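Peer 1: This is what each chain is made of:
There are 2 protein chains.
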Amino acid sequence: MIIILRLNHRIFRDKRITTHLALTARAFLADKIVYSGEKDNNFEKSIIKVNERFGSKFDVEYIKDPLKFIHENKKFTIVHLTCYGINVNKFVNKLKNENLIVIVGGEKVEPIYYKISNYNISVTKQPISEVSALALFLHLLKNGKELDYEFKDAKVKILESEKGKSIAKF
Amino acid sequence: MIIILRLNHRIFRDKRITTHLALTARAFLADKIVYSGEKDNNFEKSIIKVNERFGSKFDVEYIKDPLKFIHENKKFTIVHLTCYGINVNKFVNKLKNENLIVIVGGEKVEPIYYKISNYNISVTKQPISEVSALALFLHLLKNGKELDYEFKDAKVKILESEKGKSIAKF
Chain A
906 MIIILRLNHR IFRDKRITTH LALTARAFLA DKIVYSGEKD NNFEKSIIKV NERFGSKFDV
966 EYIKDPLKFI HENKKFTIVH LTCYGINVNK FVNKLKNENL IVIVGGEKVE PIYYKISNYN
1026 ISVTKQPISE VSALALFLHL LKNGKELDYE FKDAKVKILE SEKGKSIAKF
Chain B
906 MIIILRLNHR IFRDKRITTH LALTARAFLA DKIVYSGEKD NNFEKSIIKV NERFGSKFDV
966 EYIKDPLKFI HENKKFTIVH LTCYGINVNK FVNKLKNENL IVIVGGEKVE PIYYKISNYN
1026 ISVTKQPISE VSALALFLHL LKNGKELDYE FKDAKVKILE SEKGKSIAKF
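One line per chain: the protein sequences are A and B, in this order. Residue numbers 906 to 1075, in the working numbering, belong to the letters of the first sequence in order. Residue numbers 906 to 1075, in the working numbering, belong to the letters of the second sequence in order.
These aren't lab readings, by the way, just hints derived from the structure by calculation. Here the structure is a predicted model, which means the values were calculated and not measured. Treat the hints with care, since some could be wrong.
Which copy is meant is left open, because identical chains are indistinguishable; a pair holds if it fits in one copy or across any two.
[Unchecked claim] Quick list of in silico lysine-lysine cross-link-like pairs, DSS-like style, CA-CA up to 30 Å:
id, residue 1, residue 2
1, K1060, K980
2, K969, K1060
3, K999, K1070
4, K973, K937
Isolated chain A (complex conformation) (with noise of 0.2 Å):
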């Protein structure tokens, strides 16, 4: 079981990055995101919408209290992606068979979730996206199968094509 904590969610200002990790998190076969911050209800209904079309029981949850969250799921490993952290090859064989919590934050992160994360894990030692970082760490993780993993429940399937576009549907 591996769930993303988004942290501080801003409707505003993050609902396209959110969505571009949420959907990053599914496709790399991560089965949840919780996010806290601002309860956003149309991040929500495009993720569904997603999974209704293109497969996959991948949630997404709101959570108020991310910290309660954390401590109530004692039997996962807390996994943090950030630059300051230590590389993620080191790291990630000894993940592969845990349940996993794996916190990502927006521009400012408490100090706490440094404290408390069992791994602070970095994808490159630069300032880059979360997304990026979330995608390197999951396909590490799940040995690359996620780049030719079919959804079973999926309505509409999208066909390699060397030009254009090609799909079928269920």
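For chain A, the structure is supplied; the task is to place chain B on it using the hints.
Peer 2: Same frame as chain A, but now just chain B:
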């Protein structure tokens, strides 16, 4: 030489996504991002600022006419990242020694770009984010070299920390 071509940037709607794309391109060792759509001085300045602080000669340039740009750079192989394309694993090895223009669209990409690209390449067959697609493509292209890469001209280096934040200044 790897140039990212971002189509149709809109200042209001795409500001953060295009910034995340450029930061990802820089950290994953592309050489340059060119973008069309609306010219955005604040976006350009923010990337130059990151270079000044964290190093790299990563370049950013506005272009009016992306098709003309492609026609003028005939020695480049054109790659278009799209979920409708062919699995990245099939082509990435043969692209490792090429000069590349990597086209990264927004929501709508005109059909001409599917036609003029030498390779339409997908990173998963799901709707994801252009940011995560670009990160994965460059990661595979560079054999993961970005994960512990250091820019020699950095004034500030981020150091690996188990908890908290640590930097070195030069």
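Peer 1: Going through the numbered hints above, which ones does this structure break? Give me the numbers in ascending order.
Peer 2: 1, 2
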